[in-house]
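Heads up: the protein sequence lines correspond to chains Y and Z, in order. Per the working numbering, the first sequence starts with residue 207, numbered consecutively. Per the working numbering, the second sequence starts with residue 37, numbered consecutively.
Since the hints were made in silico from the structure, they are not lab data. Careful, some of the hints might be misleading.
[What the hints assert, rightly or not] What the simulated footprint calls covered on chain Z by chain Y, stretch by stretch (three residues with Cβ under 8 Å from a Cβ of chain Y suffice, anywhere in the stretch; the number is not a length):
(1) 116-122
(2) 219-226
(3) 274-281
[Said to hold, decoys possible] Calculated pairs, EDC-like style, for lysine to aspartate or glutamate (alpha carbon to alpha carbon, straight line, at most 20 Å):
(4) Z:K135 - Z:D147
(5) Z:K135 - Y:E369
(6) Z:K107 - Z:E41
(7) Z:K169 - Z:D129
(8) Z:K135 - Z:E157
(9) Z:K135 - Y:E372
None of these values were measured; they are calculated from a predicted model. We put the beta carbon where it would ideally sit given N, CA and C, even for glycine.
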Amino acid sequence: MNAYAQAAPRAERPWGRRLRGWVPALVVLGLGLAAWEWLLPALGVERYLLPPLSDVLQAFWDDRSELLEAGWITFKEALGGFVLGCSLAFVLALVLARWRPFGNALMPYMIAANAVPIVAFAPITNAWFGTLSPWSKIVIAAVLCFFPVLVNTLRGLTSVRPESIELMRSYAVPQRVVFRRVRIPNSLPFVFSALKIASVLAMIGAVVGDYFGGSTDALGVKVVSAVSVAQYETAWAAILVASMLGIAFYGVVAFAERLALSWHPSTRAGNE
Amino acid sequence: MSTSEAVVSARSISKTFGKGGVNALQDIDLEVGQGEFISLIGPSGCGKSTLLRVIGDLVEPSSGEILVNGKSAHRARLDRDYGIVFQAAVLYDWRTVAKNIALPLELMGYDRATRAGRVRELLHLMELDGFEKHYPWQLSGGMQQRVSIARALSFSPALLLMDEPFGALDEMTRERLNVELLRIWAELGSTVIFVTHSISEAVYLSTRVVVMSPRPGRITSVVPIDLPQPRTFETREDPRFFELVTQVREALHAGGAEL
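If we strip away everything but chain Y, and leave its shape as in the complex, we get (with noise of 0.2 Å):
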C-alpha cells in the first residue's frame, strides 16, 4: 500500500522531444502542399478546379491590402456574432439551470433547433437587417454561436455530482454561491469545448452570409465576384485568408481555455 502516493510531477517536456513530436505533422504538410504545386498540374488539373498554390500565393501577394481588409470585415462579423451568441447562450443555459421545469420544457426544443441547418437562414436574415449590414451576418454567426454553446454549457451546469450539492447545502448557502462555486466551474470545460466549435461556426456562418450578398469589401463577397469573373487564384486567396482567420480564432479561444482550466487533468503538462 501506498497511501502516500507521490503525485505525478508537472515535468516540461524537453523543447527538442517537443518538436521532434512535430516533424510527422510537418512533413505531411510538406507533402500535401508539393502536391498542390507540383502535381495536380501534372495530372491535369484544370486552373478553375484547383489553381497550383504558387499562383494562388500570388493572387493573394497582389491583392493583399484589398484581401486582409477584406477579411477583417468578415472576422469583426464572425466576432461579433460570437460575442452575442455565446454570451446570451451563457446567460440562457444559468437561467434554464437555476428554474429547472422552465429548462425541461424548453430543452427539446433547444436540442432540435441545434439541428436545424441554421446557414439555410442567411438569406432571410439578409431581408430583415438588410444586405449590405453587417448586421445580417453577425445574426447568422449569433445563431449558429447560440446552439452549442447553449446545450454544451447547460449540460455542463446540471451534471454537478448530487454529493457536491449536498455539501453546498450542509454550508446553507444560496443557490446563487452553489453557482458561482461549483455549477460555473464544473460547467467550465464543457463551456470551452463549445466555444471552440462556436469559433469554427462564426466564421462559417460570416462567410457564408456573404456570400448571399454584403458591403463589397466582405471576404465572402470577394469570393463569389471572383468565381464570377473566372478570377480563380483571388478566390483562392481569399479562402485561404478566410482559413487563417479561422485556425486563428480557434487558437485564441483554445489558449484562453489551457489558461483558464489549468487546473483541469486534461491540460497537465507532458499529458501522455
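Once you've looked at the hints, dock chain Z against the given chain Y.
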C-alpha cells in the same frame, strides 16, 4: 439522558419516497450523546444513508421529530453544526488541496490569515503536509478522502456525519484511516455518526453499533461496544472483538439481512 445533552435525538422518524413509494425509514428512535461514535450498519436499502441525511437536514422526514444539538435539524444545518464526508471525496477539481480544505471557511467568511492557519493545522493533522498545492487528480483515493475529512473538520463542527467514507478504499488504506479517524475523534472530542456496511469496521470504531434492516428501514438492535479505548491495531486481534463482530452479525441476521 435529557434532550438538551443529546447531540442527536430522533423520535419515530419515518421517510417514504414518492407517493405510496418505498418505505426508506420506519419509526426510528435514536439518541446520540456527546462524544459518542455511532455506526449505522445494515444491508443496502436499509435506509442508513437516508437516516444520516435526515440528521443533516438534507432529506426531510415524512413524519417524526429530529433534534440536533437540541434544536431542529433545519436550524442546526443553518447554524453549520455538522461536517459531512461522503463515500466519494467530492473535492472540487479546480481547487488545490489547501483551497478545498479552506472552502467552508471561505463560505463562512473567515479571513485569509485564519484560513491559512487552520489549513496548515489540518494538513498536519491529516498527514498531508507538502500536498497543499496539489490538485485532487494528483492524489490517491485514500489521500483524497483525507482531504475531504480535513474539509469537514475545518470549521470545527462538534458533529461529524460520515456516509461510508472508506467504502471505496482498499482494505489496507481503510484500516489505516480507521486508526487515524479514532485518533482525531479522541483528540477533538467530537461526536461521530458513521454509516458503513463493514461489520468489523463498525465494531472497531464505535462506542455503539446501530443495526438496521431493510424494507422498511428500521433499527433492529443496538450493540454497545465495550472494547477498551484507545483502540489500536491489536484491538482487531482481541477475542472480545470477535465476540462483538459475531454479535453484530447475528443481529443483522435476526433483522432479516441476507449476508
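Here is how each hint holds up against the structure:
| no. | hint | result |
| --- | --- | --- |
| 1 | 116-122 | holds (count 5) |
| 2 | 219-226 | violated (count 0) |
| 3 | 274-281 | violated (count 0) |
| 4 | Z:K135 - Z:D147 | holds (13 Å) |
| 5 | Z:K135 - Y:E369 | holds (18 Å) |
| 6 | Z:K107 - Z:E41 | holds (11 Å) |
| 7 | Z:K169 - Z:D129 | holds (12 Å) |
| 8 | Z:K135 - Z:E157 | holds (14 Å) |
| 9 | Z:K135 - Y:E372 | holds (19 Å) |
When held up to the earlier numbered hints, the structure conflicts with 2, 3 and fits the remainder.
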